[in-house]
Structures are given as C-alpha cells and as structure tokens.
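There are 2 protein chains.
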Amino acid sequence: MMVSPAIALGVNLKVLADSMDESAAQVIPGAILGDYRDLATVREFAKDCDVITFDHEHVPTGLIRTLEAEGVRIQPSADALIHAQDKSYLRKALEPSLSPRWAIAASAEEVHDFGAPLIVKAIRGGYDGRGVWNCVTVEEAIELVVQLGSVLLEEVVAFECEVAVLVARSQHGQAAVWAVTETVQADGMCNETITPAPNLTAELCGRAQQIALEIAGLVNLVGVMAVEMFVIGDRLLVNELAMRPHNSGHWTIDGSITSQFEQHLRAILDLPLGATDLLAPFAVMANVVGTEKTNLYRPYLHVFARDPGLKVHQYGKTVRPGRKLGHVTVIGSNASDLRQRAAHAADYISGVIDE
Amino acid sequence: MMVSPAIALGVNLKVLADSMDESAAQVIPGAILGDYRDLATVREFAKDCDVITFDHEHVPTGLIRTLEAEGVRIQPSADALIHAQDKSYLRKALEPSLSPRWAIAASAEEVHDFGAPLIVKAIRGGYDGRGVWNCVTVEEAIELVVQLGSVLLEEVVAFECEVAVLVARSQHGQAAVWAVTETVQADGMCNETITPAPNLTAELCGRAQQIALEIAGLVNLVGVMAVEMFVIGDRLLVNELAMRPHNSGHWTIDGSITSQFEQHLRAILDLPLGATDLLAPFAVMANVVGTEKTNLYRPYLHVFARDPGLKVHQYGKTVRPGRKLGHVTVIGSNASDLRQRAAHAADYISGVIDE
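Going down the list, the sequences are from chains P and X.
Residue 314 in the numbering used here sits at position 251 of the first sequence, and the numbers go up by one each step.
Residue 356 in the numbering used here sits at position 293 of the second sequence, and the numbers go up by one each step.
Hint data in this document are derived by calculation from the structure and do not stem from the laboratory.
As the structure is a computational prediction, the values presented were derived from the model and not from experiment.
Keep in mind that the hints are not guaranteed to be accurate.
[To be verified] Just the calculated beta-carbon pair ranges, DEER-fashion:
#1 P:Gly251 with X:Asn75: 29 to 35 Å
#2 P:Lys110 with X:Asn75: 29 to 35 Å
#3 P:His235 with X:Asp142: 52 to 58 Å
#4 X:Arg128 with P:Asp84: 36 to 42 Å
#5 P:Ser82 with X:Asp142: 43 to 49 Å
#6 P:Arg369 with X:Arg106: 44 to 50 Å
#7 P:Ala265 with X:His235: 44 to 50 Å
#8 P:Val415 with X:Met252: 49 to 55 Å
#9 P:Arg383 with X:His365: 54 to 60 Å
[Unchecked claim] Chain X is nowhere near these chain P residues, computed Cβ spacing over 12 Å in every case:
#10 Gly134
#11 Gly194
#12 Glu223
[As the list claims (entries may be wrong)] Partner residues are not named here, just some residues of chain P that face chain X (Cβ under 10 Å, in silico):
#13 Val66
#14 Gln89
#15 Ala239
#16 Tyr360
#17 Ala368
Ideal Cβ placement from N, Cα and C applies to all residues, glycine included.
Just chain P, same shape as in the assembly:
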C-alpha cells in the first residue's frame, strides 16, 4: 500500500521479500528475494537505498544496530523499534499511570504474587491476538511461564472500548496525529475501525492524541506508529504499539488528506508531513477476512452495484480462513450507516454472507 504514494511522489521503492508471492513483491518491479534476518543479505540490499524501512516488526534488532553502526539509514531506528518488538521495553518506558498493573515473571512464585485473573503476553513476537493469553487461574499462567520462560503479566482491564491513535514523526521532530480511531476486535484481531471514535469525549480524544505524541517523542519515532489504548471511564491505558503503518490506520487511504503510507514515506525521508484532516465527518473500515471462498473478484459485481461509494483494497494474498485479505472503507456523515455498509461489503466479499 506504500506503492501508490511512492509513485505519486516519484520515490523509487525497492523491496526485499521472502518470496514473489508476497504482496509487495507482486507490485514492485525487480523485487529482491532474500531473508530479512540475514545480515549479509540486508547489507547488500541496503547498498543503493537512501533509507530502509519495514512493513513488519520482526527484523532482528541486532541486525538493525549493526547496519546503523555501518552508516545505513534505517527508520524507525533499532532504539525506537525495540518498544514495539519487546513489550517489556514499552512498559518500562511509560509513565506508570498509562499502564495496567504489570510485572515480568519467569517463575511460578512471581505469577502467584501477581494473582489471577490475569493476562499473559509473550514479550516478543505477538501479533493479531497471537502471543496473548487470558488466564482465569494462576495455574494456567504458570503453565505458560514453564513453556515460554520470561513473560509479561498484566491485570485484566474491564475496558469500555479500544482505540488507536495513529501518529507520525519525522527525523526533524515534526509530528502529526490523525483523529482517534475506535477499533472493534474479534478473536483478538482488529475487525473494524470507526474514525473519529464516536463514543469518546473531545477532551478524552485530545488526551489520547497527546499521549501518542508523547510516546512518539519518548521513543524517538521516525515513521508512522499506532498506539493502541483501552478506554475505562475517563482513563486511558496504553495496550501496545505498532511501529509501522497499521490496520487501525487503513481508513486514512480513502478518508484523510494524507494516508498513513504517504506519511510514513514523508517521515522516513524527512520531508514535511502532510495534513491529517478527515475527508468526511466519519470513515469506517472493515477487514476482509478469509473464509472458504477463494474468488474475491466476482463479489465486486454485487458490492459495487449496491454501494457506489465503497472503496475496496485487496492485498494479493492467497485465501486462507481467518487471514486478513483486504479491507473496505466508506466515508460519510452517519457512522452507524457507514458501519452497516462496510460490514456488509467485507462479509460479502469474504463469503461470510451471500446476499
């Protein structure tokens, strides 16, 4: 999804991919195949790049540090990225009032001390609900510690809703936030977003944006980052960071003057950032999540005829049940109407419904 703004800005993209089936490799000429975990591969790849970035957070921090020491410009930097890669870094960096009660535990005793019910999180590698366990008893949590070694424990928070704030920051330190997005989760995976978050007061939205800007400065972000938060009454707790253009910001492609993908490019190239205004009072996005249905093109005949305002984005991925294959966005004035339109289109394309 970074291809479109890169073409518009005349910025040449070069991609290192695991295979030609990867989304980016399909649409960027001359994709290089190789392992992003191999130092020599990434070093060779970096030779004719002005700046390197990533579309996931799994690039080893050590590899990034080595290349940074060799003078390769990588954004976000290893020091920033570690806060999204390692959940303990984020918790240690945040002011305590922004976190739920938490602890690092590597023993049964530490879990006992923390108490149940609790959330256990893998310190590294979680994604879309993987690496997060809701434990009713201490025993369940201890079993995870035995399996995983050191883990992050967090109290169970009875939140009213989840929101995400998308924030961009350039090397110069210029920063920009978009309106606060409410994220609706299913099975631990973001399913739908509504922007601006319809159930938050203006005061709370302002505070959420302020928190995101502060974290961006704190971690020395360069690029785009999503800060996911829980809303409990008038309190906001930070859940986690995604240090890249993120699912919670996909609405910006069709719903904002500057998309998160263009903004990420501008930030890592140290260009002035673009306006983050919405193009309508509300933007709603719904994910297209795979079912058994493999033809995602034929549904266009129905969904486009039903809704001429619908914007569809496919990711070029092989269909697998439960996999995010694309998303749809609609913009307009009535949030509940938009939610129905987006959900219908996403479910019809994916095959959840057939009329």
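Knowing the structure of chain P, use the given hints to seat chain X on it.
Relative to chain P, chain X alone:
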C-alpha cells in the same frame, strides 16, 4: 496512474511500452517492450489479457479492428476510438448545434469558400495544441492545406471559457459523469483545472453533463472520456474528445470518491461504476510543466512545509522545458485560494518561481 487502483482492486496490469523509460513501464513489473503499431507484437501481448486498453489514442484503428475480429476484447473499441482519433468523425456524428461552423477542405477553393479568420486542424494526430493553427488570413490556411492535404476548418469562436466533462460508460451501458471542470489553457495546453466550474450556472452544468452522456452513448464508449467544450453565453460547443483518462480529470485522484483511473478500469472490466462525488466543495489542479530545473524532489521541502494539504503527482518523465512532468491538486472551500496554492506549488516545483 492506473497502477494504484489496479493494486487496490487486485487487478493485474501488464504493460506494452516503447521503452523502460516510459512512465508505466517504470512502475509495472515485467513491462513488455514493443511497438504498439505492430500487429504481431500487440497480438502476442494480448494473449494473456482479459481486456486491452491504451493510455494514448495513437494505436492504429486498423490494428484494433483486426484484433477485435480475432476476438480480442479492446476497450474503448475501434468504432468508439475513431471519434477521438479523427476529428471529422466527431464533427459528422454530432448534432450540428453542438459544433462551431466547420468544413473539411482539401483545396484552396474550399478554404476560400469557408472564409477567414479560421481555425485549421489536422484531422488526425493533434495533441496539446499541436495540430491546431489559428489563421488570420485565408492564405495561411491554404498553405496548411498544401502541406497537409485534407484538413478540418472551423470558425473562430469567441468563447468565455473552456470546460471539460469527464464521463465513464461501461459495456453494460451504465454511465457516470463528474462535475463540470473549467480548464485554463496556456499555449494551447491545459494548465489548470477548477472543479466544479465556478463561472457556469447549474443549468449550464447540467446541460454540459447531458451532452457528455449523450456523446458517450452515441459513440458507444466503454471507458473514460473527456469532452472538451467552449462556453459562449448560454451556448455550449464541443471542441474535441479525449477517449482515455485525461489531464482535465486528474483532480479526481484526490478530489473525488472514484478517480478517473479506477473508473476506467471498472468500465473496461464491466464492473459497476463508482460514485463521482467531490470530496470537498472545490478541487483545483495545476500542471507541473518542465523548465531548465531538473530536480523535482528537492522542492518538496518548501512546498510541503508551506502547504500540508498539497497533493503531488510525478509522472517519472525526463525533464524537458514545456513538457508536462506532473501535477498538483488541492481541495477545499475557497476556489481562488485553492488556485493560488496550486499555482504556487506547481510553479515552485517546476522552477518558474523560486520562493
């Protein structure tokens, strides 16, 4: 510019280009190099395409007809395209009240009969002011007839402004128009567009859209077409057709729910067409026209800092004075403010101004 919607829709593009320097060849993986005027080349290229289209109008009609007869799906068809390729076809097809007084002339006598002042147009191959001559005397026009053979003569029309109506039509016959665009020309080339046309009454805009829809049906258009018109009081005269996404519709990328490029894809794939609503009260586009300045990237530091709402589109072309290298778009409520912003950015990027 068709790449972005094609990626979003999951439609694979394949391009036949003259050289790897062409804009489309730079951004579409696996470009095939070859001559679009060579039947065998295009036939071979067409083998694994569901539908063929073009980003200029110079593909020989005979070649298209041959492939159509062989069952290749080409949109727009040769029968439609001829109205944009050959100016005499358009004049013959139009109801007389929609044309200025005109004649085909191949002799001095015919030019004398028509009288001066007059406009002489090459019947084929004109583009961006080339192939059009403003003749004050009959003698000048006769000289052109001697050089060119058969030409189109048109009366000089004292128009107040020029407008373009962008229209799309699918194979099913579904059609859609965008708001009427005022086009501001310099040296016979479109320089700036303002949408909706600020100086036209709603009645005249409706009539212009109606004319474009009627021509789309008349020529059996499949795809996107721009109908350029002169406004004289409350009269509208058709100047010419561009049967492809057109400069006068570039504002739709950032200013409309559905861009002309997405709509062209939807029309030629016979998908339902998208909504053509504006995303703001006005959208203004200005072309970036080459000067001696060759670095079009460095100006971003200034223009983006000055105007965070600016959208820039580069075409990846080598800089040549007078060549269209890109465009900028701004959307908002105040048309004259938008015009100043767009003109400043376009002129600063191209090097016409330096502050």
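Chain X versus Gly134 (chain P) - minimum CB to CB distance exceeding 12 Å, so not interface: Label holds. Min Cβ-Cβ 22 Å, cutoff 12 Å.
Cut-off 10 Å, beta-carbon criterion: hint that Val66 (chain P) touches chain X: holds, 6 Å
Return holds or violated for the Cβ distance of Arg128 (chain X) and Asp84 (chain P) against the range 36 to 42 Å. holds, 39 Å
Looking only at beta-carbon atoms, does the pair Lys110 (chain P), Asn75 (chain X) fall within the given range of 29 to 35 Å? holds, 30 Å
Kindly confirm whether 29 to 35 Å is satisfied by the beta carbon distance between Gly251 (chain P) and Asn75 (chain X). Since Gly251 (chain P) and Asn75 (chain X) have Cβ atoms about 33 Å apart, the given range 29 to 35 Å holds.
Chain X contact restraint for Ala239 (chain P) - C-beta distance below 10 Å: For Ala239 (chain P), the interface hint holds, since the closest Cβ of chain X sits about 8 Å away, which is under 10 Å.
Does the interface hint hold: is Gln89 (chain P) within less than 10 Å of chain X, judged Cβ to Cβ? Check passed: Cβ of Gln89 (chain P) comes within 7 Å of chain X, closer than 10 Å.
Is it true that Arg383 (chain P) and His365 (chain X) lie within 54 to 60 Å of each other by Cβ? Since the Cβ atoms of Arg383 (chain P) and His365 (chain X) sit about 47 Å apart, the hinted range of 54 to 60 Å is violated.
Interface hint outcome for Tyr360 (chain P) [beta carbon to chain X under 10 Å]: Hint holds; Tyr360 (chain P) Cβ to chain X Cβ min 6 Å, cut 10 Å.
Against chain X, is Ala368 (chain P) within 10 Å by beta-carbon distance? Given a least distance of 4 Å, the restraint on Ala368 (chain P) holds.
Minimum C-beta separation from Glu223 (chain P) to chain X exceeding 12 Å: can you confirm that? holds, 32 Å
Taking 43 to 49 Å as the stated bounds, is the beta-carbon spacing between Ser82 (chain P) and Asp142 (chain X) within them? Cβ of Ser82 (chain P) to Cβ of Asp142 (chain X): about 44 Å, so the range 43 to 49 Å holds.
Comparing the model with each numbered hint stated earlier shows that hints 6 and 9 do not hold.
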